[in-house]
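**Student:** Protein chains in written order, with the numbering used here: chain B, 1 to 183; chain H, 1 to 202.
Honestly, I wouldn't trust all of these hints.
[Stated by the list, open to error] Derived DSS-like pairs: lysine-lysine, alpha-carbon spacing no greater than 25 Å straight-line:
(1) LYS79(H) <-> LYS127(H)
(2) LYS40(B) <-> LYS171(H)
(3) LYS178(B) <-> LYS40(B)
(4) LYS68(B) <-> LYS82(B)
(5) LYS176(H) <-> LYS79(H)
(6) LYS40(B) <-> LYS79(H)
(7) LYS197(H) <-> LYS65(H)
(8) LYS68(H) <-> LYS40(B)
(9) LYS143(H) <-> LYS65(H)
(10) LYS171(H) <-> LYS68(H)
(11) LYS99(H) <-> LYS40(B)
(12) LYS127(H) <-> LYS176(H)
(13) LYS139(B) <-> LYS99(H)
(14) LYS171(H) <-> LYS127(H)
(15) LYS139(H) <-> LYS68(H)
For the record, the hints were derived by calculation from the structure and aren't laboratory data.
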Amino acid sequence: MTVHRYPTLAILLHWFNAVLLIGSFALGLRMVGMDFSPEKINSYAYHKWLGVTIFGVVVVRCIYRQFKPPPALPSNMAEWQKTASRLSHRLLYLLLFALPLSGWIYSSAAGVPTVPFGQPSLQLPDLLQRDPELASALKQVHFLLTRLLLVLIFLHIAAALKHHLWDKDGVMHRMLPKVKFWQ
Amino acid sequence: MNDRISHAPPDEQHPMMNLMGVAKYAFLFLLGLATQFAFAAQTVDLERSEISFGFQQQGVPGVGKFNKFSAQATFVPTKPETTMARVDIDMTSVDLGDKGWNQDIQTASWFATRQFPVSSIVVTGGKMLAPGRYESPGKLTLKGGVHDVVVSFRSRIEGGALVLEGDVPLKRVPFKVGDGAWADTSVVANEVSVRFKLVFKK
Chain B
1 MTVHRYPTLA ILLHWFNAVL LIGSFALGLR MVGMDFSPEK INSYAYHKWL GVTIFGVVVV
61 RCIYRQFKPP PALPSNMAEW QKTASRLSHR LLYLLLFALP LSGWIYSSAA GVPTVPFGQP
121 SLQLPDLLQR DPELASALKQ VHFLLTRLLL VLIFLHIAAA LKHHLWDKDG VMHRMLPKVK
181 FWQ
Chain H
1 MNDRISHAPP DEQHPMMNLM GVAKYAFLFL LGLATQFAFA AQTVDLERSE ISFGFQQQGV
61 PGVGKFNKFS AQATFVPTKP ETTMARVDID MTSVDLGDKG WNQDIQTASW FATRQFPVSS
121 IVVTGGKMLA PGRYESPGKL TLKGGVHDVV VSFRSRIEGG ALVLEGDVPL KRVPFKVGDG
181 AWADTSVVAN EVSVRFKLVF KK
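Same shape as in the complex, but just chain H (with noise of 0.2 Å):
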C-alpha cells in the first residue's frame, strides 16, 4: 500500500487535491451562507451601536467604551424566548478617554489583551419582564473565564430600526480582572455595569 502511495504519479494525485479542496471550501462556504441565513432576518448596525462599562473607583464613577466589536443577534419582540446574540468585543479597542489608562487596561492584570484580545458574549432565549422590558440569559467569556450573566434590555424602535439597550452587571473579580494587588474591591469596586445599545438596520 505504501509502495502504491508513494509511488503514484504526481498527475493522478492532484485532481484529488483539488476536489478535496474545492469540497472543503465549498463546505465552509455553505456553513458561511447557513450562518448568514440564521441571522439574515436582523444585521446590527455597528457604526450606530455602541458598547460601554461603567465602574467606581474610591465611590468616583468611570466609564469607558469599546470602539470595536461585532454582533449578530436575531431579537422578536413577541418572541423573546427566540432571542439569539453573539457580540465578539476587540478589547485593543477600550477608550477610557486617556491614553494612559488605555495602555494601563491591557496590561496583564486588567484585560490581559495580549493573551486575551476578543472577549465574548453569547445570548440564547430569553423572557419578557413587562412591556418592551426583557431578560435574557448569557455566557460571558472575558480572560479566558466564562460565567453565567444575566443580559436586561428594553426594545423600542428609533427611526424606523429596532434598538435594544440594555446592560449587564458583573463581578470583575470571578474574572480576574485587575489581578493581584487589583483584586482589593475597596479600591475599584467588584460590581461593573457592561452597557448596550444594539441597532438593527432597518
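The following block holds chain B by itself, in its conformation from the complex (with noise of 0.2 Å):
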C-alpha cells in the first residue's frame, strides 16, 4: 500500500499547532483557578502569547494548504465518510481561528491589551473598549468555543485511531514522519 503524505511542511505545522495548542490549554484550564500571583500574571501571558502564535501558524497553514493540497482520501472511503472528514476540518480551522480572536477581543473587553512576547512594539489594537459586562460574556464565548474544539479535536484523534486500527487504511500515516523513529 502506497502512502502519499502530506508534505513535510504541512506535517511539521500540523504537529507544532498540537503542541501549542495543548499547552495553551493546558496553561489556559490551571491559570484560571490560580491566586493573584505574578505566576498567574505571567499565565495570562503566556497563554496570550500562545494564542497569537497559534493564530500565526494556522494562517500559514491555510495559505499553504491552497498551493498544495492534502493528499487525496482513499478512494474505498464512503462518500459521507469524505463529506464528514471535509466538514470536520473546516470547522476545525474555523475554531482555530475564532479561539485566540475570541481570546483577543475577550482581553481587550477586560481592559488588558494582547501585547505578543511582551514587546510594546508588538501590541494589538483593542477591537473593543473596556467593559466589564461585556468581557465576562465573551469570557464565557472564549470557554464556549474551547469545549467545541475540544469535541472536534476528540473525534479528529478517534477517526484517525478508528482508521489507523480498524480500517488500517493509512489515512493517519499521511500525517506521520516517514522515518519511524519509534521504532
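These two chains come separately, so use the hints to put the complex back together.
**Tutor:** Set out below in C-alpha cells:
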C-alpha cells in the first residue's frame, strides 16, 4: 500500500500546532484557578502569546494548503465519510481562527491589551472599549469555543485511530513522518 | 499642694476647664483659618481634577485611578518658586476597572490600605523649564516610605480656570509596592507614572 503523505512542512506545522494547542489549553485551564500572583500574571501573558502564535501558524497552514492540497483520501472510503472529513476539517480551522480571536477581543473588553512576547511594539490594537459586562460574556464565548474545539479534536483523533486500527487504510500515516523513529 | 487640688470645690475647677477648652478650640480655629488663608488664593476643584497611574505588566500597559483625594495648592505661573501643594490620596478609592483587582491591589503586598490608607505628596517650590512647563521637587509618602520625587507639569487656562497637568515618575520597589514575589520587576515593571490633572476654581 502506497501512502501519499502530506507535504513535510504541512506535517511539521500540524504537530507544532498540536503542541502549542496542548500547552495553551493546559495553561489556560490552570491559570483561571490561580491566586493573584506573579505566576498568574505570567501564565495569562504566556497563554496570550501562545494564542497569537497559534493564530499565525493556522494562517500559514491555510495559505500553504491552497498551494499544496492534502493528499487524496482512499478511493474505497464511503462518500459520507469523505464529506464528514471535509466538514470537520473546515470546522477545525474555523475554530482555530475563532478561538484566538475571541481571546483577543475578550482581553480588549477586560481592559488588558494583548502584547505578544511582551514587546510593546507588537501590541495588538484593542477592537473593543473596556466593558466589564461584555468581557464576562466574551469569556463565556472563549470557554464555549474551547469546549467545541475539544470535542472536534477528540473526534479528529478518534477518526484517525479508527482509520489506523480498524480500516488499516494508511489515512493516519499521511500525517506522520516518513521515518519511523519510534521503531 | 496635692491636698489643695484634690479638695478644690468642683465649681472652681469648671471655669478653668472651660477656659482651657475655649483656648484650645480658638487656637485650632485660628490654625485652620490660617491654613485656609494660606491656600485661600486658589481652591482646587476636586470634581474636575483627576489622579491616575500607569504601569506595565509583561509589556502590557495598565491604568488605575483614585476616586477620592483632597488637594490644596497655590501656583502662580510667573512665580513657580512659590509653588506649594499637598495632595492626600485615599488609597482605598483605587480603581483598576475590575472588582477583583481592586481588592488584590489593596492587600499587604501592594498598597496595604488597612495599614496605610492614605498616601500624600507635598510639593514646595519649582522652576520653569519652558513657557508653560514646570518642574517641582516633592516628597511622596507611600506605604510608610518617604522618598523624593520630581513633579513635571504644564499649566494652561481651560474655560477660564487654571489647569495643572503632569506626572510623577517613580519606582515602586523602594516603596515596597509589590512586595515579596511581586518585587520581580520582570513581571510588573518597576517604573510607575502617577498622572494628575488639578483644576482650580475660577
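**Student:** It remains to establish, for every hint, whether it holds in the given structure.
**Tutor:** Structure-based check of all given hints:
1. Our distance criterion of 25 Å between C-alpha atoms is met by LYS79(H) and LYS127(H), whose separation comes to about 8 Å.
2. As the CA atoms of LYS40(B) and LYS171(H) are separated by approximately 22 Å, the hinted pair is consistent with the 25 Å bound.
3. In summary, the hint linking LYS178(B) to LYS40(B) is not supported, as the alpha carbons are separated by about 40 Å, beyond the 25 Å threshold.
4. For the hint pairing LYS68(B) with LYS82(B), the CA-to-CA distance comes to about 19 Å; that is within 25 Å, so the pair holds.
5. Restraint check for LYS176(H) and LYS79(H): not satisfied, since their Cα atoms lie roughly 36 Å apart, outside the 25 Å limit.
6. Only pairs whose Cα atoms come within 25 Å are accepted, and LYS40(B) paired with LYS79(H) is rejected, the gap being roughly 49 Å.
7. At most 25 Å may separate the alpha-carbon atoms for a hinted pair to count; LYS197(H) and LYS65(H) meet this at roughly 12 Å.
8. With a CA separation close to 29 Å, the supplied pair LYS68(H) and LYS40(B) exceeds the 25 Å bound.
9. Between LYS143(H) and LYS65(H), the direct Cα distance comes to roughly 17 Å. Compliance with the 25 Å bound is thereby established for this hinted pair.
10. For the proposed pair LYS171(H) and LYS68(H), the alpha carbon gap of about 23 Å is at most 25 Å, so the pair holds.
11. Note on LYS99(H) and LYS40(B): the hinted pairing holds, with a Cα-Cα distance of about 17 Å set against a maximum of 25 Å.
12. About 30 Å separates the Cα atoms of LYS127(H) and LYS176(H), which puts this hinted pair outside 25 Å; it is violated.
13. Taking the CA atoms of LYS139(B) and LYS99(H), the gap is about 16 Å. The hint holds against a cut of 25 Å.
14. Only pairs whose Cα atoms come within 25 Å are accepted, and LYS171(H) paired with LYS127(H) is accepted, the gap being roughly 23 Å.
15. Restraint check for LYS139(H) and LYS68(H): satisfied, since their Cα atoms lie roughly 20 Å apart, inside the 25 Å limit.
Consistency with the previously given hints fails for numbers 3, 5, 6, 8, 12, ordered from lowest to highest.
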